[in-house]
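Enquirer: This is what each chain is made of:
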Amino acid sequence: MSDVFAFGVGLAHTGSTGAILDCLFPQPLLRPEGDHKDAALRFSPGTTTVQPGEIAVANDAVDGQLVPAALLEVDQPLTVVNLSADDAIADTASAYLKLHLLSHRLTLPNTMNLDGIFAHLPNLAWTSAGPIEVDALNDAVIAARARGSHLEIMSVDKFPKMVNYVVPPGVRIADASRIRLGAYLGDGTTVMHEGFVNFNAGALGPNMVEGRISQGVVIAGGTDLGGSASTMGTLSGGGEITITLGENCLVGANAGTGIPLGDRCTIEAGLYITAGTVVSVVDETGDEVRKAKARELAGGSDMLFIRNSQTGQVICRTNRRAIALNDTLHAHN
Amino acid sequence: MSDVFAFGVGLAHTGSTGAILDCLFPQPLLRPEGDHKDAALRFSPGTTTVQPGEIAVANDAVDGQLVPAALLEVDQPLTVVNLSADDAIADTASAYLKLHLLSHRLTLPNTMNLDGIFAHLPNLAWTSAGPIEVDALNDAVIAARARGSHLEIMSVDKFPKMVNYVVPPGVRIADASRIRLGAYLGDGTTVMHEGFVNFNAGALGPNMVEGRISQGVVIAGGTDLGGSASTMGTLSGGGEITITLGENCLVGANAGTGIPLGDRCTIEAGLYITAGTVVSVVDETGDEVRKAKARELAGGSDMLFIRNSQTGQVICRTNRRAIALNDTLHAHN
Amino acid sequence: MSDVFAFGVGLAHTGSTGAILDCLFPQPLLRPEGDHKDAALRFSPGTTTVQPGEIAVANDAVDGQLVPAALLEVDQPLTVVNLSADDAIADTASAYLKLHLLSHRLTLPNTMNLDGIFAHLPNLAWTSAGPIEVDALNDAVIAARARGSHLEIMSVDKFPKMVNYVVPPGVRIADASRIRLGAYLGDGTTVMHEGFVNFNAGALGPNMVEGRISQGVVIAGGTDLGGSASTMGTLSGGGEITITLGENCLVGANAGTGIPLGDRCTIEAGLYITAGTVVSVVDETGDEVRKAKARELAGGSDMLFIRNSQTGQVICRTNRRAIALNDTLHAHN
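Chains as they are written, first to last, in the numbering used here: chain A, 5 to 337; chain B, 5 to 337; chain C, 5 to 337.
Don't take every hint at face value.
Unchecked claim - Per the computed footprint, the stretches of chain A lying under chain B, defined by three or more beta-carbons under 8 Å from a beta-carbon of chain B, are:
1. 74-86
2. 126-136
3. 176-190
4. 308-316
What the hints assert, rightly or not - Simulated restraints, written as ranges between beta carbons of each label pair:
5. A/Ser153 <-> B/Ala60: 27 to 37 Å
6. C/Gly57 <-> A/Ala123: 40 to 50 Å
7. C/Asp191 <-> B/Pro210: 32 to 42 Å
8. B/Asn127 <-> C/Gln69: 48 to 58 Å
Everything labelled a hint here was simulated from the structure, so no lab data went into it.
Glycine included, every Cβ here is placed at the ideal spot set by N, Cα and C.
Given the sequences, and given the hints that come with them, work out the whole structure.
Expert: Shown next as structure tokens:
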């Protein structure tokens with residue numbers, strides 16, 4: 005019997021050629037089992053267009069619901085995506101389904117095959133009338149003005165903002181334009197106006213995010229990013245290291261990190277630690293234990309990074325326990 | 005006779021259970037006197053729902069106007085808040101009234117009792133159709149798509165943006181999503197795209213704000229915050245010191261301060277001064293007068309903070325007059 | 005025969021007194037020649053209001069089109085601007101035409117006379133119903149609420165956002181509220197959520213812009229600005245030097261520059277170079293060649309700026325070829 009990796013019933017916008025522009029999946033499923041799996045297998049693998057009646061029949065066959073009640077009231081063809089396996093992304097609707105899985109917290113960042121996502125997300129104008137193909141935009145703007153109306157354009161991008169598709173419970177998002185669909189925001193996460201979360205990146209919650217969580221970056225519970233704090237992403241100069249921050253860390257305002265951190269680490273406001281930063285590692289008595297490139301400290305816990313404001317020296321304060329842990333960690337490097 | 009601390013006639017949105025979600029007060033009053041006070045006292049203390057006819061009668065009884073003419077034309081029940089004293093916030097409408105007082109410039113930040121504000125502001129989805137309860141959002145999004153319409157969600161937050169409620173005269177706000185209701189923007193203030201102003205915080209005007217004014221922070225006239233400049237707030241790691249900046253200061257781009265500053269202070273671009281930063285204080289001849297933690301310099305005037313780019317040393321350049329002032333100031337610490 | 009510096013047929017909003025608030029020019033022309041010039045010269049110099057029939061006649065007289073087809077279907081008076089020369093800006097419509105020329109990539113930043121632009125751009129509320137005069141805003145907000153509708157206010161500013169007027173081909177703009185009309189975005193430019201581009205400023209493309217391009221600043225192809233990277237503008241403390249960055253530069257996240265850079269320059273993440281920063285210039289062997297103020301290095305190529313994380317010293321690594329180039333360059337200072 006076939007497997008179901010992911011399944012969703014969605015409402016799509018289509019463009020001038022009939023191609024899918026975007027797709028809303030109100031209740032996506034990851035690796036469904038039992039009657040939900042059976043229901044998914046009623047539909048062809050891949051992406052298909054389905055009449056609402058078929059969805060109603062499939063919904064009736066499950067204990068609970070396959071789709072939210074509001075979707076059953078829609079009187080138009082729906083888009084069904086049934087992915088047998090976590091393969092590279094093959095079409096736009098599948099890309100949207102995978103992004104929904106992340107934002108619905110069904111899977112963590114860096115756990116899915118997202119190959120092909122850029123190729124299969126069309127670059128669209130996201131407007132007050134929904135997504136519009138860029139080529140059709142000028143005429144739409146003129147037409148709106150001519151009839152005394154207004155077309156507001158929020159972005160021109162491959163990725164839409166998350167909240168127009170998913171608002172996970174227990175979050176606050178002060179400026180929704182800064183969270184892409186595909187972000188993972190755990191329960192208890194607040195993203196302030198200066199915060200940013202890319203797709204396939206996130207905060208496990210609870211977190212206070214006033215800085216930028218780049219593609220691939222994950223921060224664990226209790227970790228806060230100060231205003232304009234930066235995390236280097238693999239798409240933008242951070243190299244091949246995927247950055248994660250453990251629990252109860254603080255990256256200060258206007259600070260940044262190019263290395264992963266374990267738990268209970270702090271980077272003081274205004275200090276940027278890159279992988280190549282040479283750091284003086286000092287123990288709890290203030291004595292220098294050694295000098296290290298920051299990348300050698302990657303993943304360590306209980307580290308406090310500051311710049312001595314009288315000598316300009318970047319220091320990592322830690323304690324013997326933490327140093328021992330780091331040594332163990334890096335014995336495997 | 006009773007006192008009136010604050011009074012407002014507002015237009016509220018209500019949620020599924022009839023609870024007030026938000027309230028617009030076009031013309032709030034702080035400590036009204038004379039016939040305006042008499043008019044306010046026609047209404048019960050606390051928050052009440054009032055028919056428009058009663059408002060018209062009260063409006064006729066004042067010299068001038070109690071509410072703007074446009075509000076008199078509204079044919080629906082209005083929300084009246086009559087606060088006898090500046091007590092802790094007891095309901096949503098009262099919270100909105102106090103936030104309006106700040107944004108209408110009727111009172112400065114840090115002058116009102118805002119206890120209870122978080123508890124009484126519901127976390128809402130702020131949409132192109134106005135505020136919507138988060139639980140009702142998914143159905144609203146599906147329904148909008150199903151009818152070929154679009155629901156745009158701007159934020160999911162307890163605080164709305166200021167300009168949907170108040171646009172004080174003489175300001176420019178390049179990206180309104182970054183100014184919360186309850187911000188105080190004085191005449192002549194420009195907030196550029198990177199600027200941010202939290203509730204109970206503000207700029208007395210005239211100011212150029214390209215950085216972040218955290219909750220509780222106030223900057224005086226002539227003071228500018230460069231792009232992404234940071235001010236530490238009491239809600240986010242800045243500790244118990246409320247930060248104010250005096251007149252004619254400049255916090256450079258990507259710089260920051262964790263201490264209050266007096267007048268005519270400058271922090272160079274890219275330098276973050278925290279309360280614990282050890283600073284070499286030098287006089288006008290360049291000689292070091294003493295070393296001090298930045299918190300000991302809090303509130304001083306005529307200070308220039310730079311980092312020597314050859315030694316990494318953080319320096320506060322000042323002059324004897326300024327040092328003397330600081331010494332006096334800190335004799336009381 | 006008269007010259008035509010710039011020409012456009014636009015759709016304007018007008019305010020309560022009939023004054024033009026803004027104007028959309030879907031197909032502006034710079035120094036038209038041949039029958040396009042002849043068509044432009046059918047219209048009076050300066051700004052005029054023209055019936056659509058006259059536009060149709062002029063359009064028929066050109067080979068190709070004078071205006072897009074959608075504009076010919078508009079059944080209302082149009083605004084024609086015919087500027088004989090690049091003089092100081094004399095009215096609102098002319099200001100909009102010049103801003104369109106930049107965003108349509110018809111001319112580069114810093115090539116036009118923009119004197120008078122602030123005086124001729126009214127400060128407006130930019131709303132979901134289009135631009136509204138600030139004085140009329142309160143009544144509009146009350147009226148929207150009273151009828152169960154919602155008026156969303158995006159900004160209160162002299163400059164609107166670019167994408168509501170122009171979306172040049174081959175760009176992605178993650179948060180359109182951060183790009184002002186009058187920005188120049190070359191083909192292949194992506195502006196991420198933290199990116200910002202002012203009017204009369206831009207990226208020649210291809211570029212990844214996650215930082216701020218201030219008024220007057222231009223970055224050449226292959227140059228990237230990391231998250232929250234800052235470029236000093238002439239309007240905001242950068243002094244009189246107009247900053248340009250050559251090709252294939254990288255200004256790291258949270259870094260900044262107050263000097264122009266040539267090609268292939270890098271400023272490490274978190275480092276802010278101001279004109280006055282004293283820099284140790286070292287050659288490829290690591291030996292210090294000289295100390296220099298950063299402004300003396302302005303415009304040089306192949307420079308890498310870092311701060312030694314053990315000594316706090318700001319260093320410019322370069323090579324003899326680059327130093328020689330710089331010396332030549334500055335022989336003319």
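Enquirer: The structure should be examined with respect to each hint, and the outcome stated for every one.
Expert: To see whether the hints hold, each was checked on the structure:
Against chain B, the stretch 74-86 of chain A contributes 6 residues with a C-beta closer than 8 Å to a partner C-beta. That satisfies the three-residue criterion, and the hint holds. Against chain B, the stretch 126-136 of chain A contributes 4 residues with a C-beta closer than 8 Å to a partner C-beta. That satisfies the three-residue criterion, and the hint holds. Residues of the stretch 176-190 of chain A lying with their CB closer than 8 Å to a CB of chain B number 6, which satisfies the three-residue condition for coverage. Look at the stretch 308-316 of chain A against chain B: 6 of its residues bring a Cβ nearer than 8 Å to a Cβ of that chain, three or more, so the hint holds.
The hinted window of 27 to 37 Å between A/Ser153 and B/Ala60 holds, with their beta carbons roughly 34 Å apart. Judged by the Cβ atoms, the range 40 to 50 Å given for C/Gly57 and A/Ala123 holds: they are separated by roughly 47 Å. C/Asp191 and B/Pro210 have their C-beta atoms about 40 Å apart, which keeps the hinted 32 to 42 Å range intact. Remark: the range hint 48 to 58 Å for B/Asn127 to C/Gln69 is upheld by a beta-carbon distance near 51 Å.
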